[in-house]
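Engineer: Below are the chains, spelled out letter by letter.
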Amino acid sequence: MFPKVPTLITSASKISKGSLDDERLRVASRVIDNETLQTDFYLPDMHCAGCVMRIERELGKLEGVLSARANLTLRRVAIVWKHFETNASTLSAELDKLGFKHIPLQHGSLSVDDDSDSLQQLLLCLGVAGFGAANIMLLSISVWSGADAETRQLFHLVSGLVAIPTAIFSGRPFFLSAFNSLSYARLNMDVPISLAIVLALAISIWESLNGGLHAYFDAALMLLFFLLIGRTLDHMMRTRARNAVKLLSSMAAKGAVRIRDNEDQEYVQAEQIIPGDRLQISPGERVPVDGVVLGEGSDIDRSLVTGESVSVFVQNGEAIEAGTLNLTRPLIIEALKTAHKSFLAEVLHMMEAAESGKAKYMRIADRAAAIYAPAVHILALCAFIGWIIVSNGNWHMSIYIAVSVLIITCPCALGLAVPIVHVVGAGRLFDEGILIKDGSGFERLSEIDTVVFDKTGTLTKGEFNVIETHATSVQLAQAIALAQTSRHPAARAVANLHSHSSSHVTSKLSEVREYPGLGIEASCEGRRVRLGRPSWVKNIVGNSPELAENISMTTLWFAEEANSVATFTMTDELRVAAAETIKKLQASKLDIHILSGDNQEVVHQVANQLGITTFFAEQRPADKIAYIQNLQARGCRVLMIGDGLNDAPALSAAHASMAPSSGSDVGRQAADFVLTNVRLSGVAFAHDIAKRTGRLVKQNIIIAILYNCIAVPLACLGLVTPLVAAVSMSGSSVLVVANSMRLHFTRSTLSTKKEVNP
Amino acid sequence: MNQIIILLPIALLLGFLGLIAFVWSIHNGQYDDMKGAAERILLDDIDEK
Numbered sequence: 002m003f004p005k006v007p008t009l010i011t012s013a014s015k016i017s018k019g020s021l022d023d024e025r026l027r028v029a030s031r032v033i034d035n036e037t038l039q040t041d042f043y044l045p046d047m048h049c050a051g052c053v054m055r056i057e058r059e060l061g062k063l064e065g066v067l068s069a070r071a072n073l074t075l076r077r078v079a080i081v082w083k084h085f086e087t088n089a090s091t092l093s094a095e096l097d098k099l100g101f102k103h104i105p106l107q108h109g110s111l112s113v114d115d116d117s118d119s120l121q122q123l124l125l126c127l128g129v130a131g132f133g134a135a136n137i138m139l140l141s142i143s144v145w146s147g148a149d150a151e152t153r154q155l156f157h158l159v160s161g162l163v164a165i166p167t168a169i170f171s172g173r174p175f176f177l178s179a180f181n182s183l184s185y186a187r188l189n190m191d192v193p194i195s196l197a198i199v200l201a202l203a204i205s206i207w208e209s210l211n212g213g214l215h216a217y218f219d220a221a222l223m224l225l226f227f228l229l230i231g232r233t234l235d236h237m238m239r240t241r242a243r244n245a246v247k248l249l250s251s252m253a254a255k256g257a258v259r260i261r262d263n264e265d266q267e268y269v270q271a272e273q274i275i276p277g278d279r280l281q282i283s284p285g286e287r288v289p290v291d292g293v294v295l296g297e298g299s300d301i302d303r304s305l306v307t308g309e310s311v312s313v314f315v316q317n318g319e320a321i322e323a324g325t326l327n328l329t330r331p332l333i334i335e336a337l338k339t340a341h342k343s344f345l346a347e348v349l350h351m352m353e354a355a356e357s358g359k360a361k362y363m364r365i366a367d368r369a370a371a372i373y374a375p376a377v378h379i380l381a382l383c384a385f386i387g388w389i390i391v392s393n394g395n396w397h398m399s400i401y402i403a404v405s406v407l408i409i410t411c412p413c414a415l416g417l418a419v420p421i422v423h424v425v426g427a428g429r430l431f432d433e434g435i436l437i438k439d440g441s442g443f444e445r446l447s448e449i450d451t452v453v454f455d456k457t458g459t460l461t462k463g464e465f466n467v468i469e470t471h472a473t474s475v476q477l478a479q480a481i482a483l484a485q486t487s488r489h490p491a492a493r494a495v496a497n498l499h500s501h502s503s504s505h506v507t508s509k510l511s512e513v514r515e516y517p518g519l520g521i522e523a524s525c526e527g528r529r530v531r532l533g534r535p536s537w538v539k540n541i542v543g544n545s546p547e548l549a550e551n552i553s554m555t556t557l558w559f560a561e562e563a564n565s566v567a568t569f570t571m572t573d574e575l576r577v578a579a580a581e582t583i584k585k586l587q588a589s590k591l592d593i594h595i596l597s598g599d600n601q602e603v604v605h606q607v608a609n610q611l612g613i614t615t616f617f618a619e620q621r622p623a624d625k626i627a628y629i630q631n632l633q634a635r636g637c638r639v640l641m642i643g644d645g646l647n648d649a650p651a652l653s654a655a656h657a658s659m660a661p662s663s664g665s666d667v668g669r670q671a672a673d674f675v676l677t678n679v680r681l682s683g684v685a686f687a688h689d690i691a692k693r694t695g696r697l698v699k700q701n702i703i704i705a706i707l708y709n710c711i712a713v714p715l716a717c718l719g720l721v722t723p724l725v726a727a728v729s730m731s732g733s734s735v736l737v738v739a740n741s742m743r744l745h746f747t748r749s750t751l752s753t754k755k756e757v758n759p
Numbered sequence: 007m008n009q010i011i012i013l014l015p016i017a018l019l020l021g022f023l024g025l026i027a028f029v030w031s032i033h034n035g036q037y038d039d040m041k042g043a044a045e046r047i048l049l050d051d052i053d054e055k
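If you read the protein sequences in the order shown, they are chains A and B. Count along the first sequence from 1, add 1, and you get the number used in the working numbering. Count along the second sequence from 1, add 6, and you get the number used in the working numbering.
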């Protein structure tokens, strides 16, 4: 489609922070014509008009960019550019410069989406139902205000002609769902809804053909209209969250650079990798498939796979799992398995097994329907039999009253109540950076009594931070300069001291060399300097202090040849607001546990810091899932919060689950909630909102039942005219919606507002 | 009765036009970026290159 551009061998120094590979972006782009491409990015931090303006203007100024259009609702920007005049990494670099985290979207992964298709269908149904209901209501009002016999007759017929095709078209979502549910011999909310609509229409047709007084066309269509509003909102909420989660997933390595036999390089998708391929993994990339290291080694971060936060060194011949992150040097690996058969597949298998247990969960609305529907149908039957006896076998009147009972008891408020509350709740969470994938997540989250946290990447940030420094200002400056040359997390932590240090010493370094697994060496004004593992740095200094190896901390030493030693002590820092969140959760009488893949020492320390008494270290995925299942077998309702691949099966097994967006794809897919905020306080906030939604849903159900308590006796006595049915139906719906809106005004428990981009 | 025979089709036609407008607006993407449109009105026009 476009000329093949030779790929550069990306060395460690070549990759600027955050900028993405040229070719990867090209693969993700949409080809408009021979020279024009469209690249879409997801910008999670774009949230005001100012951001939109800055992005559109700055990108628009770039050479070769034809247009840049931001969508604030979806937080995306679509850039159309000519690939002869610029390249994709320039776009990415510009967004970096503007300070926006950006994720390229794989073209085609979102636009050809079943979800958006069915949303269009629902909106269309809603529009048609609205049209029908409005017109019939107009005719009905004239009938109620006293149209005479012939006119009434005509109006009923016209209403019928509009109502029947409308109901057939717009009612499909309910009819199909009711039919499906009945074919599994279960009752859901859609069964009484469908029955009421069909019966109301049937009796109205019969009435209008026989010149009767009353027709319920208006009530039937209004019911349909209100219910479709609820269903559409519910659908929009779920699509929004799912899309956002999907967008986060496209961040992960979807491919790798394959080295062909003739040493040519090409970028391939992960699915195209076959065992035996040689792949080059640049520093900062994730390994796409299980493989074995060829040639020189590198430091890798396996925290997403094992939960272990300290990086390890792999060398020639050692195995490496899909999902690990290469840190220091370009790695050449030989693929052993395809992407679908990698370590990942094993995890997915465990997840499926765990998920089958959760599928049994029934939503509150359906649970209510299982009791409500039979009760209503029996009531209608009683009314029918009662009137037959009372009226000495007047069939027509008895059927008429039985149907009006069904219409008036139709769970309109119920059908609207639950989705509205969930939508408002999901909107509140979305504003605070929490995505919920399914309304039933609220119900499950509100029922939990035990919280199980993973450590690395969940309670902690999963990255190192220097907490203690012993160094002179000259040493500090030299160490920082040296650290800046590496991508190793420990070196990054030292390099980050740069902004805190007040020293103005600049160091000239030459012959910088990185020794994977050991540290960095360079020459500074003719003398060797080293930053790295204490035991390695010790070799170049004469006298050294005691080597106190403390596993829970990582210590880096820095020294100049035959000079004194500077030490940097670092630790995996806790997430922002972790301690407050744990306190808040403990205050709401939740049991808190830690399950981590990391070693005993480190887990113990974190648990102590947060005041958590129950913790287990060195847990494998199978251990975690067993632990959760064991807890649930004892009757606990568990909320699992974790980010890694090793947590994914446990996330599926738990009653409710959350994953930080920084984690693995699989973790995010498995979880009910995704936290896009770095603060941990989202956990407490989501739990709070879930409990409130639970309360509101119950209130709404009570309102709906109270309304029935008044209306049903009237219907049974045969006093419900179409006017009463229409008014009471909309009245109860409005009441329920108004009650649900109260959730919107819940105050945020997150103390600070979202940080605003400068 | 005569008025009704003229007015009824007109009323239905107008309603139908509204429905068509709604369907058009869905397909046209009028609902794609509700927030952005509200904010954009506050911005100065971006100078075309």
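Hints listed in this document are in silico derivations from the structure and should not be mistaken for laboratory results. We treat Cβ as the ideally placed atom computed from N, Cα and C, and that holds for glycine. Some clues are possibly wrong.
[To be verified] Incomplete in silico selection of chain A near chain B, CB under 8 Å:
| no. | residue |
| --- | --- |
| 1 | Ala-50 |
| 2 | Leu-123 |
| 3 | Ala-135 |
| 4 | Leu-158 |
| 5 | Val-159 |
| 6 | Gln-270 |
| 7 | Ile-275 |
| 8 | Val-311 |
| 9 | Val-313 |
| 10 | Ser-392 |
| 11 | Trp-396 |
| 12 | Met-398 |
| 13 | Gln-601 |
Engineer: Mind listing which of the numbered hints don't hold for this structure, in increasing order?
Structural biologist: Numbers 2, 4, 6, 7, 8, 9, 10, 11, 12 and 13 - these are the hints that the structure violates, sorted from lowest upward.
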